[in-house]
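Trainee: Sequence:
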Amino acid sequence: MAYPNHASLDLWHILKLCLWHYGIIAGFIFMAECTLSKSIRQVQRLSKKFGAQDFSSRP
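Each number in my numbering corresponds to the 1-based position in the sequence shown with 10 added.
Because the hints were derived from the structure by calculation, they are not lab data. Only a predicted model underlies this, so the values are computations on that prediction, with no experimental measurement involved. Wrong hints could be hidden among the right ones.
Unchecked claim - Pair by pair, the computed Cβ-Cβ distance ranges are:
(1) H16 / R55: 56 to 62 Å
(2) I34 / Q54: 27 to 33 Å
(3) A36 / H16: 25 to 31 Å
(4) H31 / V53: 31 to 37 Å
(5) F60 / W22: 54 to 60 Å
(6) F60 / H31: 39 to 45 Å
(7) I34 / S57: 31 to 37 Å
(8) D20 / S47: 38 to 44 Å
(9) A17 / L56: 56 to 62 Å
Glycine included, every Cβ here is placed at the ideal spot set by N, Cα and C.
Put together the whole structure using the sequences plus the hints.
Mentor: Here you go:
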């Protein structure tokens, strides 16, 4: 048999596509979490600067 098994080849392509998509999604989530934690830290810093009652008094 000169050609490799087509089923395994298709599975490999699907697996590569899945890994690629999951890698992009994981990277996107990682970036989002990083920016979120940064903004949360900034808000905490600001609330310490201006006092927490400033934020709680606003609707």
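Trainee: Out of the numbered hints, which ones does the structure contradict?
Mentor: Going through the list in order, the structure violates no hint and respects every one.
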